[in-house]
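Protein chains in written order, with the working numbering: chain A, 1 to 230; chain B, 1 to 479; chain C, 1 to 199.
What the hints contain is simulated information worked out from the structure, not anything from laboratory work.
What you are looking at is a predicted structure, and each value in this text was computed from that prediction instead of being measured.
One should not assume that every hint holds.
Chain C is faced by these chain A residues, among others (derived, beta-carbon under 7 Å) [claimed, not checked]: (1) Leu65; (2) Ser67; (3) Ser148; (4) Met177; (5) Ser178; (6) Leu181; (7) Ala184; (8) Ile187; (9) Ala188.
Label-pair ranges, simulated between beta-carbon atoms [unchecked claim]: (10) Leu33/C - Leu362/B: 30 to 36 Å; (11) Arg117/B - Leu42/A: 34 to 40 Å; (12) Ala101/C - Arg215/B: 36 to 42 Å; (13) Leu102/C - Leu169/A: 29 to 35 Å; (14) Ser87/A - Ser162/C: 24 to 30 Å; (15) Leu169/A - Ala130/B: 18 to 24 Å; (16) Glu4/A - Gly222/B: 56 to 62 Å; (17) Arg53/A - Asp121/B: 37 to 43 Å; (18) Ala271/B - Lys34/C: 44 to 50 Å.
Glycine residues also receive a C-beta, built at the ideal position from the N, C-alpha and C atoms.
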Amino acid sequence: MLRERLGTAGSFGCLFAVLVTACALGGARSCLALGLALVLALLFHPGAFRIVRSRTLWTFVIVLLGSGALWLGPPDWRLGSVPLSSSGLIAGLWMAVRALAIMLATRGLAASTSPGELAGLLERVGMRGLGFTVGVAVNLLPALERSSGRTWDTLRMRGGLRHRRRMMLRLGTLTVMSNALRRADEIAIAAEARGFGVVRSRPLPLRRGALDGPLLATLAVGLALAVVWR
Amino acid sequence: MIELEALSVRYGTLPALEGIALRVAPGEFVLVSGRSGCGKTTLARVVAGLVPAVIPAHVEGHVKVSGLDPTRTPPASLATHVGMVFQNPATQLFCLTVEEEVAFGPRNLGFDEQQVRERVDWALGATGLADMRRRAPFELSGGGQQRLAIAAALALRPPVLVLDEPLASLDREGARQVLRTLAELSGIHGVTVLMIEHRLAEAARVASRIVLMDRGRIVADGPAAIVSADHARLAELGLAPDEAQPSGRPHATGSAADGLALVELHHVSAAYNGRTVLADINLRLDSGEFVALVGENGSGKTTLARVLAGLMRPRSGRRVVRSGVRTEPGRGIGLLAQNPLDQLLTERVDDEVALGPRNWALFDERAHEATLAAADLGGLRGRAPLSLSVGQQQRTVLAATLALRPGLLILDEPTLGQDWAHLKRLMDFVAELNELGSTILLITHDHDLAARYARRQLLMRDGAIVADGELTELDEVGA
Amino acid sequence: MKNWTTRNLVALAVFGALWGVAEMSLGAVLHALKLPLTGLIMSGVGMLVALTGYSFVPRRGAVLTIGVVAALLKAFSVGSVVFSPMLAIVAEAILAELALALGGGPPRRAPMALAGALAGLWSFCHPFVGQGLLGGKSMGSIYSRLIEGGAKLLHLDPGAVSAILAALVLLHVVGGAVAGILALGLGNQLARRLRAGVA
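The shape of chain A in the complex, shown without the other chains (with noise of 0.2 Å):
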C-alpha cells in the first residue's frame, strides 16, 4: 500500500505543499490546490475524506459561498429582494475551494500522524527531551484528572463557592497543583534510576517512507512552478 510507503516527514511534506500551494495561488487556481490535496489524499490519506461528513465544513463553504454572493462584488441578480453578485458568489466560490483543499490536507495528516510523531519531529528540531517530558504529561494525566475531580468535589462539600469564592478557588487551585508537583520528585528519581538524562535523551522514532524522498521532491520542484506561474 503506498501509504504504508510514505513516512511522517512525507506526511507534512503533503500539508505543506498544499498549503503554500492554496496561499500561493488566487482565484481559479485554487482549483490546482484541491487537485493536489484530493490526489495526495487518494494516494496517501484516504482517512481524511471523512471531512466530508463535517458539518462545520460545509457550513463554513456556504457562508463563504454566500458572503461572497452578498458582499464581494457589484450587485446583478436578486434573490427575492436581496440584491446578489454572479462575480462575487464565484470569488467565494474560489474560497471555498481554498478552504477545502486546506482542510483535507490537513485532516490527511491527522489522520497519518500520531501526537508522539509530532513530538519526535519538534525535538530534532531543538525540542531536546520533548518526548520524555511529553510521555510523563500523558501518563500523569489520569491520576490528575481524577485528583482535581476530587479537590473539587471537596471544593463543593466545604461549601463550594457560595461565598470567598475567589478564596476558595485559589485554595483549589493550589492543592491541584502542588498534590502535582509533590510527585515531580518521585518522577524524576524513577527516570534516573533508569538511567535517564537530558543529555543522554534520545528523540522519539520517526516514521520512515520509501516514498519520502521522491515525494518531497517531487513536490518542491511542483511548487517552484508554481510559484513562478503565480
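Using the hints provided, position chains B and C relative to the given structure of chain A.
Just chains B and C now, kept in the frame of chain A:
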C-alpha cells in the same frame, strides 16, 4: 548479592537506620516489613543507590550490591545492577506505548536497537505483557502498570530488583498479578528480589524470607513461614490485628439505631463519557448502620459514593434523603476520598477544620475545639497539613468533614498506603462515631477490614450490587 | 534546553498536564455551554498555569514547552491531531515566551503581565487568523462588510462598532495581563506551600 554491614543513615539529625546488618543471597526473595516510619524505604533507597546520590543523607557502614557500592556509584551506572520499582505506577511511566516504556532504560544507556529489542522481548515475556506491547501504559490496570514498571526495570537485566511498596495502590487482583510475576522472576529467572511491603498477609505467601524492622533496626529475620506465624510480634509492630481481641465484629454495632432510612437510591444508573458505571442500583442505608461496600477496582464503588453524597447526578433513578437531613454535598453526607492530600485545601490544620463551617456560616468556637480534640489534632493545629504523616492527614480531613456534622460518613478506600496500626487507629475512631449514632459507609477492597468493622456488606461488581447482607450470609456466599 | 535537568523536564510535564486537564475539563464544559468569551477564559487559565510553571522553571523555552505539551495532550485526548486548538495553544505559548524573553531574568510582574496580555490578544485574533488562512485575503472584505451590515441592522454608528471591537480587544488583553500577574502570586504561594510540606 546484597551485603549490608553496620549501615546507619541520618537525614540531617534525624536517624533513619541504625546498625543494619543484612545479607541476601542470589535468587532469594526477601520481604522487608515494619510500621510506617521504621526505615524500610530508606533501606530500599540505599540498596538502589538513591541515597545519598539523589536523596541527600549521611551514610555510614558497608554496602555492597552485586559487587558495587551503591552509595558511591552514579544511578545510571547502577541501573544494570539494581532495578528499582516504586509505589505509585503513575510516577514511573514515561512513554507512549508499553514497548517504548520497556525500551526506555536500555535506550538511555546506549544499547543498540538489536540489544534493545532482545531485552524488551525478554522483559515483556517474563512479566506476561508480551501481547500488550502496543498498548498505552495509562490504559493498563493498576496491576498491569506495576508489572510494566517491573518489566521496564528488568529490561536492564539487573540481577537485583528492589520494590518499594509495589502493592500499595492495588486491589487484590492487581496485587495477585504482581506477586505472581515476582515469584516467577525469583523462582524461574533467578532474580534476587528485595520487596518493601506492609501488606504482609499477601506478600508473605511468595517470599522465602521476611525481615521485620522497627525504629531503624532489624528486629526479626527468618524464613517467611516462621516470621509470618509470629502473630504477637506482628501485632506489636502494628502489621496485623491483635489476635487477643475478641473475634467476630468487635466494633460492629447492634441493630441500626432507629431503623429509619437515612438515604435511599431507587433504580439509579450513572455513566461517565457514555460508559455505564452504575446499573439499576437500589440501596437503602439506615441511621446508625455500619456498612462496608466491597469490590475490585472499577466496580463502581466510588461512583456510588459520589451519587450518595450528592456530588454526582445519576443518569436515571432517584436519590432520596430523609426529611430534615441536608442534601447539599458535605452537609448531610460527608465523603472522605482515597488520598487525603486531594482534600487538604488550606495551610493550617486549624483553618482546614474551620473552613466548611465558616463557608456555611456555622462556625462555633466550642464546637471547633471539640472537633479538634476528638480527632486528636489539638497539638497539630498550627501545622501545615502537607507536613503531617498520612495518618494525621486523614484525621485532619475527617475532622474537617465532621465539622459539618454529616449524618452519613463515607470513607473511600482509607487503607491506601497505611499499615495496620495506623489504619486501626482511624477505624476505631470511626467505630466510636458509629456508636454515637453516625451512619458509616466504608468502601474498601480489603475484605478483612470490612469483616472486622462492618455488620453489613454490599458486594459490587460491574456497576451492580450483587450481594447485600449481614456478614454471615456473605461469608457463606464466599464474597 | 541543553542545560536542563530531569527535574526541570518533569516540572514542565506537570504544568503541561495541568493545562491539558484544564482544557479537557473546563474547556469541554464551556464549549458545551457555548458561553461567550470562552477563548478568553481558556487562554487566561492556560496562561495562569504556564506562567506559574515559569516561576518554577524560569528558563527560556519553559513556557513554550509547557504549551507544546498541552497541545499534544489535546491531540492525545481527542485521539488525533486537531490543528486549530493546538495551534492556538502553541501560538499563545510562543507569544508569552517572546514577552518573557524581552523581560529576561527571574519572573517579574511586567513581563508576566505582557506575556499574558499577548496570549489574551491572540485568543481574540485566532479565529480570524484561522479563517483568514482558509479563506484568503478576501475574508478581510467579508468581515468589514459584516460589521457594516451588523451596524446598520442594530442602528449603530460605525464608530460605535469600532469602539465595541476595541473594547473586546482591550478585554482580552487586560484579562490575559491579569492572568499573568495572578500567576506570579500563585507561584509564590505554591512554593511556600511546598516548602511547608517539607518542613
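Could you tell me which of the numbered hints above are not met by this structure, giving the numbers in increasing order?
1, 12, 15 and 18
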